[in-house]
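*Asks:* Sequence:
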Amino acid sequence: MEKVSIILPTSQKTVEVNLDRKTMKTCRLKVYPTQEIVLSIPQTVPIEWAEEFLTDKSSWIESKLESFQRTSGYAATDEIRNGFSIKMLGEDMLFVLTECDKEQVYSEGKRIYICCHDPDDQEKVWKLFESWWRKQAKAILQKRAEYWYPIIEKYGVAMPKVAVRKMKTLWGSCSVNRGAITFNFYLIKARMPYIDYVILHELTHFLYPNHSKQFYMFLSNYMPDWKERKCILDQEVVHGL
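When we follow this note's numbering, the leftmost residue of the sequence shown carries the number 1, and every step to the right adds one.
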């Protein structure tokens, strides 16, 4: 994928923009909560035009990036240290790292305890934490999928298999043919109403594979405020740690 570098007007920071050439007639600029910036353009548009367009939009890009960074509890971090926190179901969870012989991770109240031989070994700490987090995510999302499943069960749809993996730009995806739903590894950072939106959205695809008028009518029938939920989810919850 082609890349273009631009300088943000206020911070003077240089950022990279991915150029995604597609069979399309117009251009589309998106800034993701992951801080990824993507400009989709027609196949024949010269790179010079893209550079000029992005320069004109640099203030808007900077504003979007700052708005995502302000949601610090959801924002990315490169380290897990004592006193650092992460959102889990919308609540700030404080990391507590301790040195011990038995390696384990568990939560009590609003704390996540990580016990390992060397708390300064970030590679090991991350491995322990991500294994624990994945189990929590799978259990929570499985339970909520089972809660919403009866809505589509009456149409003869079998209970989909639930999986969890890291995804950069999607909260969830489904494979109707395989009867499976995959949710973003970090979706459980969000509060339950927003998790429920993603789950119902993916379950609805088993009845309406495309985002058709019927799809949104069905979704609105069971979740009238889905647009508000989606907006908050996309604006406040950032993928990744």
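One or more of the hints may lead you astray.
With a straight-line Cα cutoff of 30 Å, these simulated DSS-like cross-link-like pairs (lysine-lysine) come out [unchecked claim]:
hint: 1; residue 1: K230; residue 2: K161
hint: 2; residue 1: K166; residue 2: K143
hint: 3; residue 1: K166; residue 2: K230
Worth flagging that the hints you see were computed from the coordinates, not collected in a lab.
*Asks:* If a hint holds in the structure, say so; if it doesn't, say that too.
*Replies:* Evaluation of the provided hints:
no.	hint	result
1	K230 / K161	holds (23 Å)
2	K166 / K143	holds (19 Å)
3	K166 / K230	holds (19 Å)
The structure fails none of the hints (numbered hints given earlier).
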